[in-house]
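Required output: the full structure, derived from the provided sequences and hints.
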Amino acid sequence: MPSTADPLAELHAAVAAVAADLRGSVVELPDLGRPPKPEFGDYSTNAAMLLAPELGSPPRAVAEQLGERLGEVLGDRLERIEIAGPGFLNLFVSDRWLRGSLARIGEAGDLFGSGPAGERILVEFVSANPTGPITVAAARHAAYGDSLCRILELAGHAVEREYYVNDYGSQVRRFGESLIARARGEEPPEDGYQGGYVVEIAARIEGAGAPDADPDQVAARGVGLILGGVRATLERFGVDYDRYFSELSLHESGAITAAIEALNADQRVYPHEDATWLRTTEFGDDKDRVLQRGSGELTYFAADIAYHLDKRSRDHERVINVWGADHHGYIGRMQAAWQALGGAEGSLEVIVMQLVNLRDGGAVVQMSKRAGDIVTLDDLLDDIGVDAARFFLVQRSHDTTLDLDLALAREQSQDNPVYYVQYAHARIASILRKAGTERVEQALAADLAGSAEVPHPSARTMIMRLLAFPGEIALAAERRAPHRLTTYALETAQDFSAFYRDCRVVGAAEEGGDEDLRIALSEHSRRLLERTLDLLGVAAPSEM
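In the numbering used here, the protein residues as written are 2 to 545.
Warning: the hint list may mix true and false statements.
Here are the computed lysine to aspartate or glutamate pairs in the EDC-like style, where the Cα-Cα straight-line distance is at most 20 Å [to be verified]: (1) Lys38 - Glu516; (2) Lys38 - Glu512; (3) Lys435 - Glu516; (4) Lys38 - Asp503; (5) Lys288 - Asp267; (6) Lys435 - Asp503; (7) Lys435 - Glu512; (8) Lys288 - Asp311; (9) Lys435 - Glu544; (10) Lys38 - Asp96.
Keep in mind the hints are simulated off the structure, nothing from the lab.
This is the structure in structure tokens:
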């Protein structure tokens, strides 16, 4: 991305360059962030404190040298520099730089926030067993995975989305047995699947209740029906995949046996007690793992290895698996197998999602496909809608348990965070409609840097919030943290509310303001709020 598309990155680069020049090199990139209070400047850096031990000088003395050089390098982009505390450098940017930076956001257009060409990444997420509809627990994976993919793409990566269909194994056979029982008007096996959906699916399968009904054949038809519903639900949720990959296909094609043979050729497997074992301890696992039992039965792990060998064959530089909390103990063996297959250490990432507690009336709703006590994603969408579901399900970091408050999600009030953000977008759109399309275009084409307006403190805050967008995208991508954008959206909405409270937009001249500047700031705020919501899979309404 050209530096002209990111004024804040340019400012950060100048601080880093001056620090590196003073030392000769800088091992750690200095921070450049917003200080806790406006009186401490627009931006603050710890560069002097990083350099002080290297230079053998007190941090404040180093800060004085850095401040002097920064003043020379940045020139009229800075109003002044102050040294605070143990050696923080507080930067006060000039009004002209701030106004010009707003114009550069407009010049960058949709490139604002985008990154340079990155990696080819395969992201596998959700991959719920096709033995029942998508539940709220899996919905968190869907919301997280899809938003992560969108963010990674904006950050410059080429992303492929994949759903692994577990359509083979004992759970599928139990599903078939449950369908047959329901078709005959009987109770499912004790370890089978309960719930009304099993009755509904069984009724759609011809011959499911026949005396000679085959559990595997009935299960295959049931899985097909379930998977069709899963796809429709995910599409309704705004989640699309490039590929649905069948586990059954690995068994039918002989891919699992081929994977074991490939590992054997590399001397990664060995026979022991009539079974075939993989030397996962050579790659950090706590014990070796069975791939094929003496009976000839292939393990689930063997199928996973074949699947990951297929992933490797598709020329991705990075593979990301989004797994549930119950898979935490599986990570070590999968990482070991990945390296045994020739995968580079670190090129397979496993992101573990924590649980969702769905609260209704203060009670936690229990969810289990087999027990039949399920709240499906479709149920949730019927209740609170796509936008609220998408926003709430990514509002917390993936590694923390999420409590989804249905009562709050239903509220049409500013206490509801997604309603608050959407309302802010609609409010800005209303302001701009009042100005008129032609007037907005004129404002965007105006010389904003040359404006005579001294931005109000709330306008300064708003501009700096917009300038933070590329950095937020980069961090959300790097840390695999879509929840950062829910916070950014809320802060953007809050900052615009303060700006509009303090600064008249249409008719700004009547209070001595620059209408061009304020209309442009409003339009760029609307655009970035819309883009942020889109990354989260949330609509940005123009009216509410």
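Please work out if Lys435 and Asp503 have their alpha carbons no farther apart than 20 Å. holds (18 Å)
Measure nothing beyond the straight line between the CA atoms of Lys38 and Asp503; if it is 20 Å or shorter, mark the hint as holding. Given pair Lys38, Asp503 holds - Cα atoms ~19 Å apart, limit 20 Å.
Does Glu544 lie within 20 Å of Lys435 when you go C-alpha to C-alpha? holds (13 Å)
Quick one, are Lys435 and Glu516 close enough, alpha carbons at most 20 Å? holds (13 Å)
Assess, step by step, whether the Cα of Lys38 is no farther than 20 Å from the Cα of Asp96, and give holds or violated. holds (18 Å)
When you check the alpha-carbon spacing of Lys288 and Asp267, does it fall within 20 Å? Holds: Lys288 and Asp267 sit about 19 Å apart, inside 20 Å.
So if I understand the rule, the pair passes when the alpha-carbon distance is 20 Å or less; does Lys435 with Glu512 pass? holds (18 Å)
Given the hinted pair Lys38 and Glu516, is their Cα-Cα distance within 20 Å? violated (28 Å)
Given pair status - Glu512, Lys38, alpha carbons within 20 Å: violated (27 Å)
Measure nothing beyond the straight line between the CA atoms of Lys288 and Asp311; if it is 20 Å or shorter, mark the hint as holding. Roughly 24 Å separates the two Cα atoms, so the pair is violated.
Hints 1, 2, 8, counting from the list given before, are not met by this structure.
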